[in-house]
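Work the whole structure out from these sequences, hints included.
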Amino acid sequence: MRIFQNENEASDASLIEAAKQNPDAFGAIVGRYWDPLFRYVRRIGYISPEEAEDILQETFLKAYRKLYEYEADMKLGSWLYRIAHNQTIDTFRRADARPKNVYLEDEEWHRLFVSATDMESDLFVKDRFAAVKAALSRVPERYREVLVLRFLEEKDYGEIMDILEMPKGTVATLIARGRKLLLKELGHDSRSESIKEQL
Amino acid sequence: MNEDYSKKILSLIHEEHIEPDPSWKYLLRKYARWSLVGLSVVLASAVLAAGVAFFLDVDWRAVSLSRDYSLPDVFQGISLFWLTLLALLLPLTIYGMRKTERGYRWGSGAIFGTGTLLVVVFGTIFVFFRIGEMIERETGNRLPLYESREDRDERLWSRPNQGLLGGSVVSASDAAVLITDFSGSAWQVFISPETVVDSSVTFRPKEELKIVGVKSSDSDFSAKEVSTWHKKSSKESKSDDAMSGEDRDE
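So the sequences go chain by chain: A and B.
If you read the first sequence in the working numbering, its first letter stands for residue 1, the second for the next number, and so on.
If you read the second sequence in the working numbering, its first letter stands for residue 1, the second for the next number, and so on.
No lab work stands behind these hints: they were computed from the structure.
It is possible that some hints are incorrect.
[Unchecked claim] With a straight-line Cα cutoff of 30 Å, these simulated DSSO-like cross-link-like pairs (lysine-lysine) come out:
(1) B:Lys206 <-> A:Lys20
(2) B:Lys25 <-> B:Lys7
(3) A:Lys168 <-> A:Lys184
(4) A:Lys62 <-> B:Lys8
(5) A:Lys75 <-> B:Lys99
(6) A:Lys75 <-> B:Lys30
(7) A:Lys62 <-> B:Lys30
(8) A:Lys75 <-> A:Lys168
(9) A:Lys75 <-> B:Lys25
(10) B:Lys224 <-> A:Lys66
(11) A:Lys20 <-> A:Lys75
(12) A:Lys62 <-> B:Lys7
(13) A:Lys66 <-> B:Lys99
(14) B:Lys8 <-> A:Lys66
(15) A:Lys75 <-> B:Lys8
(16) A:Lys133 <-> A:Lys184
(17) B:Lys30 <-> A:Lys66
(18) B:Lys8 <-> A:Lys20
(19) B:Lys7 <-> A:Lys75
(20) B:Lys25 <-> A:Lys20
(21) A:Lys62 <-> B:Lys206
This is the structure in structure tokens:
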């Protein structure tokens with residue numbers, strides 16, 4: 001059942017208000033945020049599409065139960081990303097595991113590295129793709145997830161604060177340290193001895 | 001594709017009769033958190049004010065007159081009791097602020113600074129209205145193990161070897177006063193023409209005195225200055241009042 005004439009134009013706030021009155025209106029929120037959250041959950045969890053779907057299903061059901069918790073001083077996207085992030089972590093915790101890597105398409109590995117290191121030479125990264133990928137995998141999880149949010153999800157500092165529930169200073173520190181660690185990891189990789197010189 | 005997921009989620013919501021949690025639940029949680037923050041700010045401020053009252057009331061003259069002025073004397077104004085309570089309550093306040101719904105947005109410095117500032121501001125107000133003094137006094141009256149300002153002063157004035165003697169008058173003659181100190185020992189205090197006696201001193205039995213002088217034997221003390229002891233404990237003040245009444249009746 002369609003609640004809105006044009007769901008794409010409805011604001012997040014109006015979607016939430018409508019969903020409080022009519023559960024069917026919640027479908028528009030799911031439709032709007034399923035894809036970005038699906039990518040995000042796969043990126044931080046390094047999981048199969050089926051696992052990501054399960055996590056997202058729980059995420060949206062939880063979001064529906066918590067509708068009245070949402071306050072408009074936060075972007076709806078940030079709120080949903082936070083629930084998805086926590087749901088992903090909870091899933092791993094229940095399985096007594098931690099995300100060991102991030103799941104990224106080849107193009108995304110490349111984009112993340114170039115953005116995080118401000119590298120201008122795309123060719124250089126393409127030449128040493130395996131080294132870049134290995135270095136990113138070795139960066140600890142807490143830095144990786146901030147780098148993913150900043151450079152792949154393209155979230156600003158305020159949004160990252162709300163998603164990960166940490167102050168701006170901590171977000172900035174994690175990004176700066178994440179970058180440093182990435183470069184350090186590359187420095188340790190025998191396949192990328194010349195990278196530091198170019199950086 | 002997304003429509004399929006939307007339908008799936010909606011059918012789950014309908015099949016399992018899932019409903020949004022009521023808004024009062026979140027409001028209650030929100031206000032409960034802020035109430036706890038408010039309560040911890042008030043408690044920490046009250047503790048700070050009591051600690052300040054304890055500090056401001058140190059008889060620094062007694063400390064300075066003490067013959068072997070030592071390092072611990074410098075800390076006479078610091079009550080470990082209030083300091084410990086403040087050390088527990090201030091972090092609790094900051095933790096409470098951090099746990100409010102947007103508390104994570106505050107940096108450590110900002111949240112610590114704001115929490116401390118709140119406690120200092122309210123603490124100053126409590127000091128100004130003498131609430132800290134009242135709390136300190138009541139704690140002294142109700143907690144037997146707590147060393148109140150009164151206990152501290154008694155300790156300060158129970159050092160005859162260092163020239164400080166406190167106690168209550170048993171009897172008095174022109175040249176000497178018999179007093180019992182706070183441990184119950186009897187002292188003969190000699191008053192000479194050079195002794196400076198505060199105008200409020202009456203030497204009536206049970207009057208409590210502070211005496212600066214020199215110990216001449218285990219039970220003799222030569223006074224240089226004599227002043228009255230102003231009680232801070234309401235309980236003891238009341239008992240004093242009662243005694244005064246009895247004296248008058250007699």
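Hints and how they fare:
no.: 1; hint: B:Lys206 <-> A:Lys20; result: violated, 76 Å
no.: 2; hint: B:Lys25 <-> B:Lys7; result: holds, 28 Å
no.: 3; hint: A:Lys168 <-> A:Lys184; result: holds, 24 Å
no.: 4; hint: A:Lys62 <-> B:Lys8; result: holds, 14 Å
no.: 5; hint: A:Lys75 <-> B:Lys99; result: holds, 20 Å
no.: 6; hint: A:Lys75 <-> B:Lys30; result: holds, 19 Å
no.: 7; hint: A:Lys62 <-> B:Lys30; result: holds, 19 Å
no.: 8; hint: A:Lys75 <-> A:Lys168; result: holds, 16 Å
no.: 9; hint: A:Lys75 <-> B:Lys25; result: holds, 22 Å
no.: 10; hint: B:Lys224 <-> A:Lys66; result: violated, 77 Å
no.: 11; hint: A:Lys20 <-> A:Lys75; result: holds, 17 Å
no.: 12; hint: A:Lys62 <-> B:Lys7; result: holds, 16 Å
no.: 13; hint: A:Lys66 <-> B:Lys99; result: holds, 18 Å
no.: 14; hint: B:Lys8 <-> A:Lys66; result: holds, 19 Å
no.: 15; hint: A:Lys75 <-> B:Lys8; result: holds, 25 Å
no.: 16; hint: A:Lys133 <-> A:Lys184; result: holds, 13 Å
no.: 17; hint: B:Lys30 <-> A:Lys66; result: holds, 14 Å
no.: 18; hint: B:Lys8 <-> A:Lys20; result: holds, 19 Å
no.: 19; hint: B:Lys7 <-> A:Lys75; result: holds, 24 Å
no.: 20; hint: B:Lys25 <-> A:Lys20; result: holds, 15 Å
no.: 21; hint: A:Lys62 <-> B:Lys206; result: violated, 74 Å
Comparing the model with each earlier hint shows violations of hints 1, 10, 21; every other hint is respected.
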